[in-house]
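A.B. asks: Given these sequences and hints, build the entire structure.
There are 2 protein chains.
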Amino acid sequence: MERIIIDMDEVMADTMGAMMDWYREHYGNDVDYSKMTGSWMLGIPEQHKETVRSRLYSKGFFRHLPVMEDCVDVMNELNKKYEVFIVSAATEFPNSLKDKLEWLEEHFPFLTWRQLVLCGDKRMISGDYMIDDHTRNLVHFNGKPYLYSTIMNAHEKGYERVENWKQIAGIFL
Amino acid sequence: MERIIIDMDEVMADTMGAMMDWYREHYGNDVDYSKMTGSWMLGIPEQHKETVRSRLYSKGFFRHLPVMEDCVDVMNELNKKYEVFIVSAATEFPNSLKDKLEWLEEHFPFLTWRQLVLCGDKRMISGDYMIDDHTRNLVHFNGKPYLYSTIMNAHEKGYERVENWKQIAGIFL
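Here the protein sequences line up with chains A and B, keeping their order. Read left to right, the first sequence gives residues 1 to 173 (the numbering used here). Read left to right, the second sequence gives residues 1 to 173 (the numbering used here).
A few of these clues could be false.
Note: identical chains are not told apart, hence a pair may lie in one copy or across any two.
The calculated lysine to any residue pairs, modelled on SDA-like cross-linking and capped at a C-alpha distance of 25 Å, are [unchecked claim]:
{"id": "1", "residue 1": "K157", "residue 2": "R136"}
{"id": "2", "residue 1": "K166", "residue 2": "Y129"}
{"id": "3", "residue 1": "K144", "residue 2": "K157"}
{"id": "4", "residue 1": "K98", "residue 2": "R123"}
{"id": "5", "residue 1": "K98", "residue 2": "G60"}
{"id": "6", "residue 1": "K80", "residue 2": "G120"}
{"id": "7", "residue 1": "K49", "residue 2": "E92"}
{"id": "8", "residue 1": "K166", "residue 2": "N76"}
Calculated from the structure, these hints are not laboratory results.
C.D. replies: Laid out in C-alpha cells, this is it:
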C-alpha cells in the first residue's frame, strides 16, 4: 500500500481563515492579503502582530478550526486505498498538541491516533507522496511532493500543485 | 550529518521504573517482573491493571519521569555530532503530549521543539540509526537499528543491543 503524508494546517484545516475571521471581528478592519507572501503573519498590521501570534499559543485555537471543503469525504476514500499519515508541524505550540489530536478525532473518526504525527521539522518523514503547503517541508521529501496552493505560497515555483480536495481526489482516487 | 532517531520511554525516561515505584507505594506489594515479557503491564496483578493503565492517560504522569543515567550528558554530545530526533509513540495518550514536550525542554535544554516527534506508529520515520526498546519500531526502519535492552524485550533476538547510555557513547562518540 502506498503511503501519503498529509499536512494539517492550510491543507486539512482552514487555520489562516479562522485567524483572519477572528481578526476582522476583533479589530473591525481587514488584513492586507497582498503582503502575505511567505507567511500570513506579514499581512497583519505591526501593532496587532503580538496579540495575533499569542492566539497560536493559546489553548483551544487549533481545536476549533473549520475543515477544508471536501476534505473529510476525500480523506475517507484515501484512507481505504493508501497508508495515510497526517503530519503536522505542531511542537512549536505546546497547547496545540492535544487540540490537534482531538480535532482530528472529531472530524475524521475513521482515522486513528496511530496516523497522527506531531513534529517540528518534517525532514525525517518518508513516504510515496506528500501534500503540504510549505516548500520547506516538501524539499527534503523522498517521494513525490504536491504543493497545496495558498495565498502564502503563490510565488513558489517548481512544484506540482493541488488547489483543493476535489483535485486531490482526481489525482489519487 | 548523520541522523539518529531516539525513543523516549524506557530509553531516555525511566517510565516503567516510575510506574513500579508508584505501584509499590500505592499497593504496598511488588509487581511480578518475571511476567513482563513483551509489556510491563503483564507484571501487574489483574485487579490493579485498570488503575495503573488510567495513570498513563492522566495529566502529569509523563511530566515527572526520571531521566535515565548518563542520558543528558551523552545526548548533549550526540547533539553536536549528529542530527538528533526524539521520536516518541505518544498520540495514544492525549495528555502525554504537552507533558513530553515540557519534560524534554526541562531536562534537555540544548534540544529544541524542532527535534521532537510525537506519533503513534514509527514506520514513516527515516534516518541512519534508531535506538528504541520496541522491535515493532525497529523492524520497519531503513537505517541501522539498536535495541535498547529492557526487561520487556529480554527475549527478543536478531538485534544489536545497547544496555545503557555509556554504551551508546562508546558506539557513537
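A.B. asks: When the structure is checked against the list of hints, which entries are broken? Sort them ascending.
C.D. replies: Per hint list: zero violations.
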